[in-house]
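Letter by letter, the chains look like this.
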Amino acid sequence: MLGMIVFRTLSMFVTLAIISAIVFFLISLPPGDFAESVALSRSINGEPVTPEDIQIMRERLHLNEPLLDRYIWWIKGILTEGDFGMSFRYMTPVTDLIGERMGLTALLLVLTLFITYIIAIPVGVFSAIYQYSLPDYIVTFLGYLGLAIPNFLMALVLLYFSTVVLGIEGVGSVFSPEYQNAVWSFGKVIDLLLHLWVPAIVLGLAGTAGGIRVIRATMLDELNKLYVTAARARGVPERRVIWKYPVRIALNPVISTLGWNLRDLASGAPVVAIVLNLPDIGPLFFQALLDQDMFLAGTLVLFLTSLTVVGTFLSDLLLAWFDPRIRKGVVK
Amino acid sequence: MSQTETDPIVREDAATQAIDQASQWRLIWWRFRHHRLAMIGAFVLSALITLAVFADFIAPVAPHDRDTSYVLGPPMVPKIHDQNGFGWPFVHGLRNERDPVTLRMITAPDPEVRRQVVLFAKSEPYKMWGVLSLERKLLGLSDGTKLHILGTDNLGRDVFTRSIFALRVSLSVGVAGVLISFVLGLLIGGLAGYLGGSTDFAIMRAIELIMSIPTLPLWMTLAAIVPKEWTAIQAYFAITILLGLLGWTGLARDVRSKIISLRDEDYVVAARLSGVSDWLIIRRHLLPATTSYVIVSLTLAFPGIILGETALSFLGFGLRPPVVSLGVLLESAQNIRTIAQSPWVMSPVIFVILIVLAFSFLGDGLRDAADPYSDKA
Chain S
1 MLGMIVFRTL
11 SMFVTLAIIS
21 AIVFFLISLP
31 PGDFAESVAL
41 SRSINGEPVT
51 PEDIQIMRER
61 LHLNEPLLDR
71 YIWWIKGILT
81 EGDFGMSFRY
91 MTPVTDLIGE
101 RMGLTALLLV
111 LTLFITYIIA
121 IPVGVFSAIY
131 QYSLPDYIVT
141 FLGYLGLAIP
151 NFLMALVLLY
161 FSTVVLGIEG
171 VGSVFSPEYQ
181 NAVWSFGKVI
191 DLLLHLWVPA
201 IVLGLAGTAG
211 GIRVIRATML
221 DELNKLYVTA
231 ARARGVPERR
241 VIWKYPVRIA
251 LNPVISTLGW
261 NLRDLASGAP
271 VVAIVLNLPD
281 IGPLFFQALL
291 DQDMFLAGTL
301 VLFLTSLTVV
311 GTFLSDLLLA
321 WFDPRIRKGV
331 VK
Chain C
1 MSQTETDPIV
11 REDAATQAID
21 QASQWRLIWW
31 RFRHHRLAMI
41 GAFVLSALIT
51 LAVFADFIAP
61 VAPHDRDTSY
71 VLGPPMVPKI
81 HDQNGFGWPF
91 VHGLRNERDP
101 VTLRMITAPD
111 PEVRRQVVLF
121 AKSEPYKMWG
131 VLSLERKLLG
141 LSDGTKLHIL
151 GTDNLGRDVF
161 TRSIFALRVS
171 LSVGVAGVLI
181 SFVLGLLIGG
191 LAGYLGGSTD
201 FAIMRAIELI
211 MSIPTLPLWM
221 TLAAIVPKEW
231 TAIQAYFAIT
241 ILLGLLGWTG
251 LARDVRSKII
261 SLRDEDYVVA
271 ARLSGVSDWL
281 IIRRHLLPAT
291 TSYVIVSLTL
301 AFPGIILGET
311 ALSFLGFGLR
321 PPVVSLGVLL
331 ESAQNIRTIA
341 QSPWVMSPVI
351 FVILIVLAFS
361 FLGDGLRDAA
371 DPYSDKA
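Heads up: the protein sequence lines correspond to chains S and C, in order.
First residue of the first sequence? That's 1 in this note's numbering, and the numbers climb one at a time after it.
First residue of the second sequence? That's 1 in this note's numbering, and the numbers climb one at a time after it.
It should be emphasised that the hints constitute simulated quantities derived from the structure, not laboratory data.
Any given hint might turn out to be false.
Below 30 Å or equal to it, Euclidean Cα-Cα: the simulated DSS-like pairs (lysine-lysine) are [as the list claims (entries may be wrong)]:
(1) S:K328 x C:K258
(2) S:K225 x C:K146
(3) C:K79 x C:K122
(4) C:K127 x C:K146
(5) S:K188 x S:K244
(6) S:K225 x S:K244
Isolated chain C (complex conformation) (with noise of 0.2 Å):
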């Protein structure tokens, strides 16, 4: 040991020195850092959590509130240049006039009125977080007209407000659902994988036997039978752990096959020897070893949890309004009707894959990082 130390050949340079004095974290993290696609899927899920936890100030109108006059209105996307030139970010101010075909009176963009896009506009007093009190938005109209960046649904509610309001319910589920299987599965994986035997044979074969069931089916079952007078926070909390109490099974997989490679590794095998309780061991020595794994499988646990919770809000078992997930938005979309006059209520969807994208290419990078033995470094 102390040879190397001293070696010339190894000692070559500052580099090498740091990679031998490097943490274990340190250097997951150095090799997550080559990982372009997962630090673009890093990216872009802060940017997302910033877009849900900040959605009050973001957000440039209230979630519940209704533009009459802009009923199925669509996306307004700002501009900078129309036929009279160039100009601040703006939208066209609304006009009323009938539609030349079907004579209905529609609300339509008027070329000659420019509202400009401003930052920190002026909105209607409001409260961050419930605590905050606040009068000012990020972006907004310089008349104080709403702005409606994708347009508003068949109520005339603004689409990408509650489509960021939204995104926080879904990532709460998924937060909270994955947290679920976390414990269970740990609990039941490590059991399994450190007493062995018959314990671990019956707990095998009772994960086989959920596995085998179509999930969605299974969760729409579930889903279905939860009380119709409940009300939609109990109704969230329901099919939370609904989603928690069945996505547990491939963790505790996970966990007990790492957990049966390392019993018998000659540190745990050492600890035993002297007389080490059962439990510490789990505590002291398995788990800190399992960790990246554990942390690898939770990251692509999340899309499973978050795509359940959208399929069963879609079909309407899921979430129930007035909480607002991106399933519980898409549940309007589901007529073709409304989708051919106003594809614009489909754009949550954008969100759905946005999510499911940024946990796949991060967990997949976390992968590749956390291996030891991987040379991607």
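Just chain S, same shape as in the assembly (with noise of 0.2 Å):
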């Protein structure tokens, strides 16, 4: 157990190595460089940029390096200052960009997860135990549904439905006007969950679905075996003989697969943030891509690798935890 914690530990370090070298090569893609994307948004403001200024601003900004010798003092300012490079559209450091931005991201996606299993394992099990009733029928096809639809138009159906049949404005807001500006307290994070729940069900939709599936599949399985069975002959409520047994196995399939969810979350997050217009992360992405401000994206995208390998991580430990044959070694 020990032992396997290290190991997953020291991996997830590699892996987070390994993807901040990545995205700092797509950092690095686009034609032209920093200096001069700021020498054109100079100009284009008027102000006058001579080609020695630009020369400065490569050397301050370690331009003229090679690529390696870049990376390593990237990586070493995250490491020991938590600077992650300037914002050229900004001209700030990009972590003071993102700050409370991420932290609104982090929160969303862990709600999203929260909501999704909330609502996933309940009708999931649920409908495996009356498998071929009319509501199975029915979460089945909506499960579907859920799975076909893209979130950003389920947002987008979602901002129709509140401006236009309920006249609700402001769907994408995050606080009540009140709160707008107050700081931070008790009232203003129930606030925040309280308006939070509803990018969270749009983007946990796909997830839900496909947790359903899961759940159902591995329950209709473990119903048909035998110490189910055994266990209701023996005169268990029906109740207990499903929650204690059957619904621990097919638990395992959705914790297992946890990581995988979260990618995929904050893989849509973006997305949904942006035709919601929801101040954190996402817009502030596509703001950056649009100005190929690639020092700001490449952190966000390296932000949301690290909450999955993370997430990934967690899951592996919290399935050991959970079931007792992969702790011990029995199952792999």
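Using the hints, build the complex out of the two chains.
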């Protein structure tokens, strides 16, 4: 168990290191460099820029050095000072821009994951127990639909319904007006959660549908096994038969795919946030890509990836804790 | 062996005999036929492909044609009944009037004028697939005015026409992207599975690494790097290749696990002992055995690539006009005011959902049918 944790922790750091290298490579892909971009945006604003200025800026930002040296310089900045580089559009360190927004994205992802399972587990179990009943058919159909509708379109439909049909403005805002500029308090946190569940449901739609399918399938396999019949034959109450044994096994694939689910959520989150105009990293990422502001965009990709890598790591630990067969090394 | 062939209990009727003699593909087809959802999926998909292939003929209007008298016009739904009684399917004519509230000049249906919907209506001459000169379209209006089944967009272009031309582009992106993933996945997964050892370890770690990066943000970042000076066609190829280059990981994993399970089968070991070369073993013995699994994975890979393209184009990082894909069409539906005033510009969504559902149903059905141990025959 301990050996596994150590090995998984190490491999997580190796993964993060390699991914940061890939991201850095992406950052340096676009033609032209940061100094030229800044020079261009300055000269558009009417400020005179001489070639010497560009040269000075290049030296200050180590742009003349080879790719590998720049990468090491970038990583050193991140690790020692938490400095992720400069955003040329805003001319401020990337960290200043994304601090609070990253928190909101992380909160949204965790909340979505939570809602996904709160819905998927009971519905999946129910759907398996009452296989081929009307509710089962409805759930299966909705599940397919949930998987087929891209979540940014779901967000659009939601916008349409709330603004046109229900006449509510500002679905995309995450605070009520009275909390907009207030300092953080218990009331503000509650207010935030009350606003976030709408994007969370839109974002979690596909994950929920997928989760229901997985749980339903595993439950159907397990319900026909002899141990269930044996438990029933001994007169164990039905509710206990189901929740104590097959459900525990059906939860296994759910936990082991938690990391992938988080990955898919992190993949969809920026797009949903762009459509709903949430004040999280989504719109910032969008703008950064439009401007080819690569340090900002790269940092955001790195952030989303780190979330999923850490999530996968945690889901592995959770699985080992949850399933004695895996903990004892009986099943891989 | 020869005993079972003469055994009267086994050879009971013609049906069992047929099953015993059927080829693998025939067995798969028999099982597939019983999968109702998969059959529906196959049917919807063929319908969509027909729409896309014959788009020039089916579309009532030319794709870049602007109907300036009917900008952001609502869908014209053919009716068979109005206050003047029943009749051949028709749509009402149009007349100009003032909006009672805003006093703007608007185009509104004129209930007194009927324009009949006719088959093989005469149209402007056009070239089907760029070669075949035709002067008729599948549907049209009797007086030669334009039929807008799904309404028009903010430039007066026909939404239905553009949707089915976009369907063509989106499907082609899907096919090309899946083909690229297919070649890469088969090659890399096959290598990992057959060679095993450290090669396998390295490839699997690389795949896990790529898979841990959230797909859409990575696609967006790469697509944003595509130079803005590139033409629409260049961007089209760049985006298709991008989608394919990142989609192979799942397929590679499937192929690898299948090959590993086959590698130690007796017939493969026998071939190796007889001195058959690695390449020949892979080609003659291993790949054919994985065909059905590969086909299933490919079918299930389509939705991801098509949704990826749609999301990218929707955000403006994907394909660019004048190339129209479903995502490009939806880009104009990004604005909440547009959706509120003219919800029909969102209708290309229907095609996206249909494609994704059809491929998922088809893939599920194929997976069940291709599994020789499933008892759903």
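Comparing the hints with the structure gives:
Of the supplied pair hints, the one linking K328 (chain S) and K258 (chain C) holds, its CA atoms being roughly 27 Å apart against a limit of 30 Å. Between K225 (chain S) and K146 (chain C) the CA atoms are separated by roughly 63 Å; this puts the pair beyond 30 Å, and the hint is violated. Restraint check: the Cα-Cα separation between K79 (chain C) and K122 (chain C) comes to about 21 Å, which is no more than 30 Å; the hinted pair holds. Annotation: proposed proximity of K127 (chain C) to K146 (chain C) holds, straight-line Cα distance about 19 Å (limit 30 Å).
The hinted pair formed by K188 (chain S) and K244 (chain S) fails the criterion: a straight-line CA distance of about 39 Å is larger than 30 Å. For the proposed pair K225 (chain S) and K244 (chain S), the alpha carbon gap of about 14 Å is at most 30 Å, so the pair holds.
In this structure, the earlier hints numbered 2, 5 are contradicted, and the remaining ones agree with it.
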